[in-house]
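Chemist: Residue-level listing of the chains:
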Amino acid sequence: MSVETNYGSKEKSVDAARENLARVLMGGVDSLTQSSLDKSEVTEPALHSVVPEVDSGYNMTDEIARVSEYVYNLRRNSSSS
Amino acid sequence: MNNNNFFSKITSFVLGQNNSKYSQKRISRPLNKYSQRELLRIESEIGAEIFGVLPKGRRREFFCLDNKTWIWHEEWLDEKSKLQHITTKYVVRDNKILKSRPGVHYTEVTGEELKNLHDAVKIYHERVVRDIYSAD
Numbered sequence: 001m002s003v004e005t006n007y008g009s010k011e012k013s014v015d016a017a018r019e020n021l022a023r024v025l026m027g028g029v030d031s032l033t034q035s036s037l038d039k040s041e042v043t044e045p046a047l048h049s050v051v052p053e054v055d056s057g058y059n060m061t062d063e064i065a066r067v068s069e070y071v072y073n074l075r076r077n078s079s080s081s
Numbered sequence: 001m002n003n004n005n006f007f008s009k010i011t012s013f014v015l016g017q018n019n020s021k022y023s024q025k026r027i028s029r030p031l032n033k034y035s036q037r038e039l040l041r042i043e044s045e046i047g048a049e050i051f052g053v054l055p056k057g058r059r060r061e062f063f064c065l066d067n068k069t070w071i072w073h074e075e076w077l078d079e080k081s082k083l084q085h086i087t088t089k090y091v092v093r094d095n096k097i098l099k100s101r102p103g104v105h106y107t108e109v110t111g112e113e114l115k116n117l118h119d120a121v122k123i124y125h126e127r128v129v130r131d132i133y134s135a136d
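As you go down the protein sequences, you meet chains A and B in turn.
Residue numbers for the first sequence, in our numbering: 1 to 81.
Residue numbers for the second sequence, in our numbering: 1 to 136.
If you're looking for bench data, these hints aren't it; they were derived computationally from the structure.
Pairwise CB distance ranges, derived in the manner of DEER restraints:
| hint | chain 1 | residue 1 | chain 2 | residue 2 | range |
| --- | --- | --- | --- | --- | --- |
| 1 | A | Asn59 | B | Ser35 | 27 to 35 Å |
| 2 | A | Arg66 | B | Arg37 | 22 to 30 Å |
| 3 | A | Glu19 | B | Leu77 | 13 to 21 Å |
| 4 | B | Tyr106 | A | Arg66 | 20 to 28 Å |
| 5 | A | Ser78 | B | Leu77 | 31 to 39 Å |
| 6 | B | Val129 | A | Ser80 | 14 to 22 Å |
| 7 | A | Asn59 | B | Leu83 | 35 to 43 Å |
| 8 | A | Ser80 | B | Lys56 | 35 to 43 Å |
| 9 | B | Arg58 | A | Asp62 | 31 to 39 Å |
| 10 | B | Glu79 | A | Arg76 | 41 to 49 Å |
| 11 | A | Glu69 | B | Thr110 | 18 to 26 Å |
| 12 | B | Thr110 | A | Ser80 | 37 to 45 Å |
Quick caveat, the model's predicted, so the values are computed rather than measured.
Glycine is no exception: its CB is placed at the ideal position from the N, C-alpha and C atoms.
Start from the sequences and build out the full structure, keeping to the hints where you can.
Modeler: Take a look at the structure:
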């Protein structure tokens with residue numbers, strides 16, 4: 001029973017983190033700064049459960065650029081057109 | 001044409017108004033039988049799911065448009081049942097991520113928003129590779 005309770009709590013936490021991520025990306029939160037976020041919804045364990053930790057020195061912009069290029073080429077090379 | 005209309009037209013053009021036919025079974029034929037636009041529609045379904053279950057009456061799209069652009073689009077009905085929508089474009093340029101929204105100049109994405117975008121892009125990447133491009 002306690003396992004089910006814990007699992008449910010974790011799922012809710014992940015859902016909350018995802019929904020908060022959605023709100024932030026949507027731009028519904030002014031300026032998207034730390035202070036404008038409801039920190040209670042972005043729990044560290046929840047975020048870590050869906051996204052791997054990043055190393056120090058890791059460049060997020062470079063990674064977004066790399067993934068953009070990769071996904072686009074994958075789609076282009078996989079398609080009929 | 002203002003930015004809002006422009007982005008909406010991009011989204012409608014790329015995704016169409018109804019992509020439910022892809023929902024039941026995303027990949028039903030060899031990948032090389034799909035056009036790029038069809039694959040993009042399927043990717044967008046996955047992109048929309050990254051952020052969890054949508055409240056009733058909301059529609060969301062999140063997808064990689066090309067090798068430098070990500071699109072976020074969301075529609076909902078306001079309290080007067082009028083359709084509202086917002087589209088945000090994220091562009092990779094000169095080692096920065098720039099954000100464009102209707103009526104707003106490009107701004108650089110930093111801090112928490114950059115991390116959230118990065119996280120979403122990573123999940124998108126993992127899921128489209130797993131659910132689409134590994135399926136062939």
